[in-house]
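These protein sequence lines are chains A and B, in that order.
Counted from 1, the first sequence has number 463 at position 142 by this note's numbering; the numbering is strictly sequential.
Counted from 1, the second sequence has number 343 at position 115 by this note's numbering; the numbering is strictly sequential.
Some hints could be false.
Said to hold, decoys possible - Quick look at which bits of chain A chain B covers, simulated, 3 or more residues with Cβ under 8 Å:
{"id": "1", "stretch": "353–359"}
{"id": "2", "stretch": "379–390"}
{"id": "3", "stretch": "394–408"}
{"id": "4", "stretch": "416–430"}
{"id": "5", "stretch": "449–459"}
{"id": "6", "stretch": "482–493"}
Hints are computed from structural coordinates only; laboratory data are not their basis.
All figures in this text were calculated on a predicted structure; none of them were measured in a lab.
Backbone N, C-alpha and C define an ideal beta-carbon position, used for all residues, glycine too.
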Amino acid sequence: MSVSTSQSDALTPLERQYILLTQNGLPIVANPYHWVAEQLEISIEQVLALTKDFKERGIIRRIAAVPNHYKLGYTFNGMTVWDIEDELASKFGNAVGKLPFVSHCYLRPRHLPHWNYNLFAMVHGKTPEEIQHYRSQIKELLEEVLVIRKSDDASQSIHTQSNDMLTSTQILKKTGLRLKRKTA
Amino acid sequence: MDKSSTTVMAELSLLDKGLINLLQHGLPICERPFHQIAQELDSTEDVVIEHLNQLLESKVLSRFGPMFDAACLGGAFTLAALSVPDENFEKVTEQINSFEQIAHNYRRDHAYNMWFVVACESQKEIEQVIKKIEEKTNLPVLNTPKLEEFYVGLYLPV
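Extracted from the complex, chain B is given alone in its bound form (with noise of 0.2 Å):
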């Protein structure tokens, strides 16, 4: 099993929580974010700061920032899959890790058993990676770059 998934589910206080939530939603573009923030939460902007800090140190939060759209970032990105054989699962998690490009890679319970997200400068490199990585592991790749984009925005409310 996934190592992460053993992870300890963090015990949370009320304003932790409140913080989790309406920080996913996002935060108001102003001088003093927090502020506003801990009115809402009917707390003060110096311990929404400090919880905010301790949520963080404590890895519950793994980001507070922008969140940039990738695509703006330049690039291009594809999701691509292997149906690769269990006897091999492991020599091949480790030829396509070796990429740099790949960002992601998860293993699925489908006969296409590992998807991977593919981030290069250009749409050219996306084509040489995938050929590289089917001369590699002797695997057809499932191509599946997006065609439209009707929603992104993950919200996991505690």
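So here's chain A without its partners, still in its complex pose (with noise of 0.2 Å):
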């Protein structure tokens, strides 16, 4: 499998119109899901268990706040990427997925010669030393399996290191990802 297969159409329409309705935030108030329950008309009771059951099924990852990077000082982030040996790669990318300083870690394909990286894992922090750091603790955990590969042909004598890390320089384009009304 490539790609994220679509999940919506096995949505109910009632989940359908709950996604709409919550997906751009809940209101902070004491009983934010009486106003889920009020706009969706149906039971509290009835909102809590769809809300739960989402959670189950990994709909709803959480209900949390999501804060913006830079105003906490976040400003540094880091797409670390490696070559890692195939038959390793869902064990060694679960390890590394479980560092506290890990925000993504995705397998994804190579595409030699020019893009020999399998793993990639995003960190994030305050300072270039911070995401450096963290680097090199995904480096020590991952030591092991790295691929090496051999520089003999010239066409990939520069795609030949086992690890990398992309820094951010510039936001081109954010937008939030949301789930659209159905065209009657």
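Mind assembling these two chains? They're in different frames, but the hints should get you there.
Here you go:
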């Protein structure tokens, strides 16, 4: 499988309405789920049950606050990329994902000879040193499974590093991912 | 440099910091979630609600609510990259950002210096968008859709 498949068709009309209503956020009031219940014209018990069910199914990851990185001083982020042995990628990918400072961790396809990295892990920090330090910790964990590629082929010679870190220097565009209202 | 990086770091009280840390992990799913949060932070429900609204207003928090798995909202996604010559960077940025299917786009310090998320209704549309990008920019797209997800969960402690 190379893509996320659509699960939205499996949603009931009520579930779709719930997502459309809450995907831009919940009001910060004493009873936020009462507001949802009123809007959807269902009971508070139904709202809580549906929310818990969404969480169990992984449709809701969590009910949480998203901070603005920059306001908290997290001005540096690094996309660390790794060329690791395919057979061990799942095992080591899970281990990297468990590191407390990794926010996203995925297996992605290589495109040899231009792109030899298959494991991606994002890190965030307040200084360049901090994200370098995180990168070294990931490296320690992956040391034994990093692929060593020979650089005798001239065309590949610049792509034989076993890992790298791509730091972001500018946000060029940022929008939210949203469920769209179905057009009739 | 990134215009957002010049944002002044927020001055935060101890309660604010506690709230930011706790609420990134998530809120209990119950009728009075802030009541429970207030108890954990030795505060009251009213004070917690007031502070949270201020944090949203001052944009220290950009959002509060359910974090949906984007894939569950339907559609197809991929992360893709381009290696853009410096002299064309601005022009290519405009070309890429003009696609409504481009959700995020970041400049990164690497030969592949432009990384963007393509969000479409279907896999077929992803392929079409990538083809259009290649035609428009005359650059080959490096397409790296996720094969396996190990972890997603941003936590920035303060």
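Okay, the hints, checked on the actual structure:
1. For the stretch 353–359 of chain A, the proposed coverage by chain B is satisfied: 3 residues have a C-beta within less than 8 Å of a C-beta in that chain, meeting the threshold of three.
2. Note: the stretch 379–390 of chain A has 12 residues with beta-carbon separation from chain B under 8 Å; the three-residue rule is met and the coverage holds.
3. For the stretch 394–408 of chain A, the stated coverage by chain B holds: 4 residues have a C-beta nearer than 8 Å to a C-beta of that chain, and at least 3 were required.
4. Counting residues of the stretch 416–430 of chain A whose beta-carbon sits less than 8 Å from any beta-carbon of chain B gives 12, enough to reach three: the coverage restraint holds.
5. A stretch counts as covered by a chain when three or more of its residues have a beta carbon under 8 Å from one of that chain; for the stretch 449–459 of chain A and chain B the count is 0, and the coverage is violated.
6. Requiring three or more residues with a Cβ within less than 8 Å of a Cβ of chain B, the coverage given for the stretch 482–493 of chain A holds, as 8 such residues are present.
The structure is inconsistent with hint 5 alone, although it conforms to all the rest.
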